[in-house]
Amino acid sequence: MPKPMIPILGKPVLEYIIEHLARHGVREIMINVAYHHWKIENYFGDGSRWGVEIGYSYEGVREHGEIVPRPKGSAGGMRHIQDFSGFFDDTTLVLCGDAIIDLDITAALEEHHAKKAMATVVTLPVSREEVKNYGVVVAGDDGRVQSFQEKPKPEEALSNLASTGIYIFEPAVLELVPRGVEFDIGSQLFPLLVKQGLPFFAQSHPFHWIDIGRVTDYWTVLQRVLKGEIADMRMPGKEVRPGVWVGLNTRVNWDKVNITGPVYIGSGSDIEDGVTIEGPAWLGNGCQLRAGSHLVRSVLFDYTRLNAGATFTDVIASPLYVVDRGGHTTYQGEEGTALRWGDARA
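Numbers in this note's numbering are just positions in the sequence shown, counted from 1, shifted up by 6.
Don't read these hints as lab results, they were simulated from the structure. Do not take every clue at face value.
Below are the DSS-like pairs computed for lysine-lysine, each with C-alpha atoms no more than 27 Å apart in a straight line [as the list claims (entries may be wrong)]:
| # | residue 1 | residue 2 |
| --- | --- | --- |
| 1 | Lys233 | Lys9 |
| 2 | Lys244 | Lys233 |
| 3 | Lys17 | Lys233 |
| 4 | Lys9 | Lys138 |
| 5 | Lys159 | Lys138 |
| 6 | Lys201 | Lys138 |
| 7 | Lys233 | Lys262 |
| 8 | Lys122 | Lys201 |
| 9 | Lys201 | Lys157 |
Distance windows between CB atoms, simulated [claimed, not checked]:
| # | residue 1 | residue 2 | range |
| --- | --- | --- | --- |
| 10 | Glu181 | Thr319 | 47 to 55 Å |
| 11 | Asp261 | Met7 | 32 to 40 Å |
| 12 | Tyr62 | Glu340 | 34 to 42 Å |
| 13 | Val144 | Leu345 | 42 to 50 Å |
| 14 | Ile12 | Gly315 | 28 to 36 Å |
| 15 | Arg240 | Gly146 | 38 to 46 Å |
| 16 | Arg150 | Arg68 | 41 to 49 Å |
| 17 | Arg29 | Ser193 | 30 to 38 Å |
| 18 | Arg220 | Pro75 | 17 to 25 Å |
| 19 | Val246 | Gly315 | 19 to 27 Å |
| 20 | Arg220 | Gly61 | 23 to 31 Å |
| 21 | Arg150 | His70 | 46 to 54 Å |
Note that the structure is a prediction, hence the values are computed from the model and not measured. The beta carbon of each residue, even a glycine, is placed where N, CA and C say it ideally should be.
Generate the whole structure from the sequences, applying the supplied hints.
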């Protein structure tokens with residue numbers, strides 16, 4: 007599964023990004039695709055469902071009957087698009103497709119233009135202990151970028167401003183990217199901008215930025231979303247009890263279960279008597295919790311069955327595998343596992 011297609015509240019991460027862009031008047035969107043590109047293209051199509059236009063740039067080749075991704079680098083991919091069609095003829099916002107954001111894009115664009123910037127990087131302050139996980143931006147009092155540090159040790163960090171992977175570029179920036187080679191924005195293009203003394207600025211706005219690049223990040227994101235901490239991400243379905251939402255065609259005897267929200271139960275799910283669910287928890291469509299089972303702070307993908315009397319705590323589960331919050335994966339049928347689950351369609 008491409009990371010932009012990972013579901014949050016039943017929708018791909020990339021769908022939230024596109025909805026957010028549309029709210030701020032961004033109507034023309036190009037998506038660089040490679041790994042399982044068709045899954046993204048088939049889902050989003052031409053973008054008309056969201057009131058936008060979507061185009062795609064595929065990075066890869068077909069070899070020996072197999073589709074092989076060959077990414078060109080974050081900047082190289084943009085240069086490839088520009089050389090092909092001249093698409094980047096105006097101020098361009100660049101985003102990663104696997105992060106949840108609620109940035110005020112309109113305000114960020116206004117500041118970019120007010121400073122007459124050629125390039126802008128949006129940053130967020132992080133704790134001194136966290137700098138080792140990020141590319142760190144060093145900027146002057148006026149916001150002009152002076153240098154970068156890639157995942158520095160806390161004691162060596164010259165700043166606590168982390169790059170969020172959100173950039174604003176004027177078309178002239180792409181003229182600095184060489185043709186036909188793999189070229190990266192953070193490690194190659196940005197140092198070039200600094201070296202040449204071009205108008206390159208950092209912005210810092212209060213907003214939520216949640217990267218889901220790792221399994222542990224994904225579990226954390228789901229918990230935060232279910233608690234209602236992220237703007238514009240609301241529970242679907244109908245709230246039938248305080249903090250408990252259900253989709254259509256669910257079967258639950260509310261007098262014989264113990265459910266503490268926030269919890270969402272997807273369409274077609276069957277919750278048998280004696281089940282306990284402790285939120286934050288999310289059940290996809292067609293799930294089944296057998297009698298006496300116990301689900302705690304977990305997410306079940308569509309058609310996952312939890313066997314009678316079984317307990318799942320702090321996991322993400324599908325019919326074939328279970329991943330704990332530390333990223334360890336257990337597969338169906340593995341020897342030695344005490345977990346008891348399966349496919350609700352069986």
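Structure-based check of each hint:
{"no.": "1", "hint": "Lys233 <-> Lys9", "result": "holds (22 Å)"}
{"no.": "2", "hint": "Lys244 <-> Lys233", "result": "holds (16 Å)"}
{"no.": "3", "hint": "Lys17 <-> Lys233", "result": "holds (17 Å)"}
{"no.": "4", "hint": "Lys9 <-> Lys138", "result": "holds (23 Å)"}
{"no.": "5", "hint": "Lys159 <-> Lys138", "result": "holds (5 Å)"}
{"no.": "6", "hint": "Lys201 <-> Lys138", "result": "holds (24 Å)"}
{"no.": "7", "hint": "Lys233 <-> Lys262", "result": "holds (25 Å)"}
{"no.": "8", "hint": "Lys122 <-> Lys201", "result": "holds (18 Å)"}
{"no.": "9", "hint": "Lys201 <-> Lys157", "result": "holds (20 Å)"}
{"no.": "10", "hint": "Glu181 <-> Thr319: 47 to 55 Å", "result": "holds (54 Å)"}
{"no.": "11", "hint": "Asp261 <-> Met7: 32 to 40 Å", "result": "holds (38 Å)"}
{"no.": "12", "hint": "Tyr62 <-> Glu340: 34 to 42 Å", "result": "holds (38 Å)"}
{"no.": "13", "hint": "Val144 <-> Leu345: 42 to 50 Å", "result": "holds (47 Å)"}
{"no.": "14", "hint": "Ile12 <-> Gly315: 28 to 36 Å", "result": "holds (30 Å)"}
{"no.": "15", "hint": "Arg240 <-> Gly146: 38 to 46 Å", "result": "holds (40 Å)"}
{"no.": "16", "hint": "Arg150 <-> Arg68: 41 to 49 Å", "result": "holds (45 Å)"}
{"no.": "17", "hint": "Arg29 <-> Ser193: 30 to 38 Å", "result": "holds (32 Å)"}
{"no.": "18", "hint": "Arg220 <-> Pro75: 17 to 25 Å", "result": "holds (20 Å)"}
{"no.": "19", "hint": "Val246 <-> Gly315: 19 to 27 Å", "result": "holds (26 Å)"}
{"no.": "20", "hint": "Arg220 <-> Gly61: 23 to 31 Å", "result": "holds (29 Å)"}
{"no.": "21", "hint": "Arg150 <-> His70: 46 to 54 Å", "result": "holds (50 Å)"}
Consistency note: the structure conflicts with none of the earlier hints.
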